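J.: Next come the chains, spelled out residue by residue.
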Amino acid sequence: MPSHKRIDVSKVGDVTVVKFVDRKILDEAGIQELGAELFSVVEHDNRRSILVNFDNVDFLSSAALGKLITFDRKVKSVQGRLKMCNIRPEILEVFQITKLNKVFDIRGEEAEAISAF
Amino acid sequence: MSDQTSPGVWQLSIDLPSERGSNRRVTDELLTQLGAHGWPPADVFAVHLAVEEAIVNAIVHGNKLDVKKKVRVECEVSADRVRVAIADEGPGFDPGSVPDCTAEERLEAPSGRGVMLMRSFMTSIEYNAAGNAVMLEKVRGPADS
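These protein sequence lines map, in sequence, to chains A and B.
Counting in my numbering, the first sequence runs from -11 upward without gaps.
Counting in my numbering, the second sequence runs from 652 upward without gaps.
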């Protein structure tokens, strides 16, 4: 598994759990790096059941939303499954305002999300 | 850059260079001041998001990262109101022309959500006629007090 700067990757059963290193996901360079690392989980590591855990995330910008959308598409393009969990209420509100809660499979806690795969 | 404090009110005026990341010079201090003025975390998040989106729009879309152009930012924070004015040196745009990012066919577009988020998270946002300056305002509601 390649080393990552922006994400921590672990496995729980068949599910690959991705956590963000940064509490704030907002600067363009960081978001590009984050995107490349997320993509590598699918392209390099061939993971197909992926849970993105937002436990560590306090803030994200609309540029980060764009990256999550392209990642979601990437996973779907290889018939993989992507779920998200542990999203704080303010960020959940961002997803609801932009209706991305209809695009993403958003769950509550990590254990609940893993059991839903 | 000027940073003044009259009783209970913090003000800041600054010209930012049109380079990515320069907005941190404002947002870090603004967030500190919101906390110092007793704003709850949910409102701090809201103001942070709106100001981040507006300044990045000004730098990237307004001034197109032109190093000869500046983004003027003026902030005023009190216990019950925050106002942030952001102006770039670009030609401006028509905020009414931004397509609805929640329309079915645009739901998965990778960009175009900034203005909607600003409107949703602030009490009011108002563009000038040219569309190259925006005033963001958040008034602290009774539920926040």
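It is worth saying that the hints were derived from the structure and are not from the lab.
Mixed in with the good hints, there may be bad ones.
As the list claims (entries may be wrong) - Stretch-level coverage of chain B by chain A, calculated; a stretch enters the list once three of its residues show a Cβ under 8 Å from a Cβ in chain A: (1) 659 to 669; (2) 725 to 738; (3) 773 to 786.
Claimed, not checked - Which residues of chain B face chain A? A partial, calculated answer using Cβ under 7 Å: (4) Gly672; (5) Ser673; (6) Arg676; (7) Pro761; (8) Gly765.
Stated by the list, open to error - Each pair of labels, with its calculated beta carbon distance range: (9) B:Arg732 to A:Ser(-9): 39 to 49 Å; (10) B:Gly689 to A:Ala99: 29 to 39 Å; (11) A:Lys(-7) to B:Pro692: 25 to 35 Å.
Every value quoted in this text rests on a predicted model; they were computed, and no experiment measured them.
Using N, Cα and C, we set each Cβ at its ideal position, and we do this for glycine too.
J.: Of the hints given before, which are not true for this structure?
T.: 1, 2, 3, 5, 6
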